[in-house]
Each structure stands twice: as C-alpha cells, then as structure tokens.
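Taken in order, these protein sequences are the chains called A and B. Using our numbering, read the first sequence as starting at 265 and increasing by one per residue. Using our numbering, read the second sequence as starting at 66 and increasing by one per residue.
It should be emphasised that the hints constitute simulated quantities derived from the structure, not laboratory data. Check before you lean on any hint, since a few could be wrong.
[Unchecked claim] No farther apart than 27 Å at their CA atoms in a straight line, the calculated lysine-lysine pairs in the DSS-like style are these: (1) A/K340 x A/K451; (2) A/K352 x A/K479; (3) A/K340 x A/K479; (4) A/K352 x B/K284; (5) A/K450 x A/K378; (6) A/K441 x B/K284; (7) A/K378 x A/K451; (8) A/K451 x A/K441; (9) B/K284 x A/K451; (10) A/K450 x A/K352; (11) B/K284 x A/K450.
[To be verified] Rough simulated footprint, nothing fancy, chain A against chain B, three-plus residues with beta-carbon under 8 Å: (12) 98 to 104; (13) 237 to 248; (14) 301 to 307.
Virtual Cβ for every residue (Gly too), placed ideally from N, Cα, C.
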Amino acid sequence: MIAQDNGRLSGRVALVTGGLRGIGLATVERYLAESASVVISDLDAADSPAAAAVIERLGPAASYIAANVTEEGDWKRASDWVRDRHGKLHILVNNAGTDLTGAVESISLADWRKIMAINVDGVFLGTREFVPLMAESGGDFRGGASIINVSSIMGLVGYAETSAYNASKGAVRLFTKAIAIEFATKKMPIRANSIHPGFVLTPLLHSGFQRWVDKGFAETSQDLIDTMAGTTPIGRLADPAEIAGAAYFLASEDSSYMTGSEVVVDGGWTAQ
Amino acid sequence: MSRRLDGKVALVTGGTTGIGAGAVKRLAAEGAKVYFTGSNAAAAKLVCDESGATFRTHRVQDESGWTALMAEIRADHGRLDIAFANAGMEAGDDSVENIALDNWNAIVGVNQTGVMLTIQHAIRAMRDNPEGPTGSIIVNSSMNALRAMGNFVAYSVTKAAVVALAKSSAVHCGNQGYRIRVNAILPGVVETDLIRGVIDRSPDPVVARSQFENMAPMKRMAQVEEVTGLVAFLASDEAAFISGGEYVIDGATTAGTMGV
C-alpha cells in the first residue's frame, strides 16, 4: 500500500481529463484522498453507467462533466463549470489520450489526425482555456498552480510501429517545456511538468495488447505483459496508483521549484 | 509533516551543510532514523541538535572508512533503506585549459569516485535487509550535467558522470532482481550558505545575487527545502516504480532558452 499524506491538497481544485479510467482515475482517487475537490471529465455521458458508478463511489468532493478534449466548445463548457462550481483551478491534469500502432505506411491520415487531436490538441486546448483561471488561483498556495501533462516513455524514445503515438507524446513533452518557460518568465504562478509513465496496467494497455494478440504477435495478452515486465529493470509493470503518486507530488508544494521537468516513472525502462 | 519514512534507516553524505543538512532534517521529520557524514563537526552538531540524527566523521572518497560506517549502521538498526549520495565539491576547479591535475583528481575523487563508493556500499548493505534487497539511492547531480560551465570543467564532467552512474546502478539492481532503486536529481542554483557566501564575497553582492536569480526563468534560486521535498519523494515507497531516472529541479533553467 502506498503511503498517503492525507489532507495535503486541502483547499485545491483539480480537473483531470480522461478521469474515469486508468491513470486518470487513480489520480482522481489520490487527489480526493489528499482532500482536494476534483472535477472529472471524460467522453462518457454524465448519466452513463460508467460515469454514474464512479461518481457515486467517489462522493461529493468529485464531480463529472462529459467533454471531448478535442472540442473547443467542450473546453469552454468545462471552464464555465469549474468557474461556477469552484471559482478556482489549482491543478490541471491533461491525461486524456489514446494510442495507435501499426507500420507507418499503413497509417491513414484520418487516424493520424485523430491521435494528434486527442493527445496534442487536447493538451493545448486545455492549457489555453484554463491559464487565466489558474493564473488567478496560483497565489493561493506555495508553488502556485500546476499543469501536469501526461506524456509517456514513448515521448522520450522511439518504438517500432508506434510512430504516431511517439510523435504525439513527444509533442506533449516539448509543449510542456515551452509553457513552463513562458509562465515563469512572465511571473505567472503556474508550473508545468510532464509525466512519462512506462508500461502501466491500464484499460488502454489491455486493449492495445489485445489488438496485438489479434494480429498474431502473441498468444495471449498475459504473454505480452510478461515480456514487457522482462524488459523493465524493476521487473514488473506499474500500478496506476504509482503514476498517481507522481501526479500528487507535482501538484503539491513539495515540487514548488519544479517546472519544465520530465517526471519519468518507468521502472528503469529508458535508463538501459 | 507526514510520516512516510517511519521505520526506515537513511544515510546522507555531506550532511553537515546545504542540501545535505536539509535532507537530514527532512528525512528525520518524515520518520527516518538518519546517519550523516562529513568533516565539519561544529556544523554537524547543529544538524544533530535540530534533527536527532547521528553524525560520523567520514569522507566519501575514503574507502576503508565505508566498511566501518556500514557495519555500525547495521549493528544499530539491522538495515539500510535510503542513501543520499550528496557530498560534492568544486573548490580548485577551473577551465580545461588551466586546471591543475591535483585539483582535477580531488574533485573527481569526491564527486565521482565518492558517489560510486556510496552506491556500492549502500547496495551491499541494502541487499542484506531482512525482507530482501530493498531500498532507494538518490544521487545529487546538478543541472550542470546538462549545461556545462566553461570555468568549472571538473564539476560539470563529474555531475554528468554520476547521472550515468545512477542509471547503470539502477539497471544492475534490476538485473540482479534487487528491489533497490537508484535515481539522480539535477538541481539548479540553490540558495545554500555556500552560494550566499559567494554572493557576499563578490565585489557587488546585489549584482551577484541578481545574476544567480536570473539564471532561471523563475527568476529566483531554489530554497533547500524545495530540493529536499524531491529527495523525500524519491526516498519514499510512493516512488516504487521510479528507477534510473534523472529528475531536473531547476525552475525551467534547462527546459530551453528564455526567449527575448
């Protein structure tokens, strides 16, 4: 069990995109455990079973808005929602993302544009929409407001048949550094850092591995998990809560001098 | 302060001043039993009084002293969970064109060989922990591992070297099946007593302070407590999947250039 500093995000308001599943949901749960108020966004309708079940389980400190990160209008609705409900935003986790694999010559332009829209446009639009409110809110706590962009180890190193995902996550890495410099030089109280998870046991990983099984790359999804664990120095895949621990650190006062940094959580995968 | 480190035993090298002293206090405040080393006994006493930590006189490059130090920690507590390889120096550094070989060797001895010995002896101690090989080793590198200084060749080179040292050690521990993690931190300019001394002794302290502050887009130096928060995070079980990493903490100094 991971130790938690319960109550250390008291008074903060956070928005986590893609917050119904995987790393997003684990981050939501961690922020709630630290006494933050958390707005969750995801694609599911607000009255869908998936959204309703999560919201009921998480209790009144969490709220939900259905929003597509690629749509400017949805971001405007999200910021109106956050302003009306909380009047503040201290933590923005641009987590929503998708994957795409396949040989580069087989990728359609439509699929390329779709992954760029979700993984890159989404991060840009979320940042642009919330910078004014985060700049207003950043003075509330030491270290200011914190934008946490979820990139990947695939934003650091290339991988075969992963070119579109590599390109999108690499874009997130450098976008984050640019805005970090921009906010700091303007003395805006907003920090921005990227997280680079390695292989994490999430629904996205399971669905991606299943596609590889369907293509005949492996017999079972578990075989692929075992292979990835074998190529990771720590010898296993991550639990989503271990990525959420890094997302908590970056949201907290303990990271007050960190901005423009890459927080790699990959069990040593990129060190070798 | 949370108690994430209750029951853990920690060692901090170069713990009498600066980031090291701050780390001793932070790790102790989170519940760890802390040993620290160095050579300034007077400064060490102040740290001990404030933190309840234990001081032992030892220089990191002194190989023979390592065995006795680790034997003592093991005798007292039966385990080692955290090692912060922090001791470093820059006195006598110069440009590659001018540096004296003795000065080069002295800096390499502390900043590079000393860190290697710290990791080596920490792994040997941690692999004997009662529940198996577990622990977290943190190496204090510098943002100068990424941006070299022309007039501090030995410092720049050794700080880059220890990032590779941390990664190699992390991969080795993985290969051995040890649950021992090794990471490097790369701080920007931190407002330690050493830096304050440099500022105060400069011809124009106001200008000197401004120069240090303006190195970061954040337009200020880091406080020691801001760096030790990262050390505590990496030391804790929260970072259980983090190994072989290089954690930059520099107010965006090396994220790019500041533009116009």
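Right, here's what the structure says about each hint:
1. For the proposed pair A/K340 and A/K451, the alpha carbon gap of about 25 Å is at most 27 Å, so the pair holds.
2. Taken as a hint, the A/K352 and A/K479 pair is broken in the structure, with Cα atoms around 47 Å apart against an allowance of 27 Å.
3. Between the alpha carbons of A/K340 and A/K479 the distance comes to roughly 40 Å, so the proposed pair goes past 27 Å and is violated.
4. This hinted pair checks out: A/K352 and B/K284 have alpha carbons roughly 25 Å apart, not beyond 27 Å.
5. Between the alpha carbons of A/K450 and A/K378 the distance comes to roughly 33 Å, so the proposed pair goes past 27 Å and is violated.
6. Taking the CA atoms of A/K441 and B/K284, the gap is about 16 Å. The hint holds against a cut of 27 Å.
7. At most 27 Å may separate the alpha-carbon atoms for a hinted pair to count; A/K378 and A/K451 exceed this at roughly 35 Å.
8. As the CA atoms of A/K451 and A/K441 are separated by approximately 15 Å, the hinted pair is consistent with the 27 Å bound.
9. For the hint linking B/K284 to A/K451, the alpha-carbon distance of about 8 Å falls within 27 Å, and the restraint holds.
10. For the given pair, A/K450 sits about 20 Å from A/K352 by alpha-carbon distance, which is consistent with the 27 Å threshold.
11. Between B/K284 and A/K450 the CA atoms are separated by roughly 10 Å; this keeps the pair inside 27 Å, and the hint holds.
12. Residues of the region 98 to 104 of chain B lying with their CB closer than 8 Å to a CB of chain A number 0, which falls below the three-residue condition for coverage.
13. Counting residues of the region 237 to 248 of chain B whose CB lies closer than 8 Å to any CB of chain A gives 6, which reaches the minimum of 3, so the coverage claim holds.
14. Look at the region 301 to 307 of chain B against chain A: 7 of its residues bring a Cβ nearer than 8 Å to a Cβ of that chain, three or more, so the hint holds.
Comparing the model with each earlier hint shows violations of hints 2, 3, 5, 7, 12; every other hint is respected.
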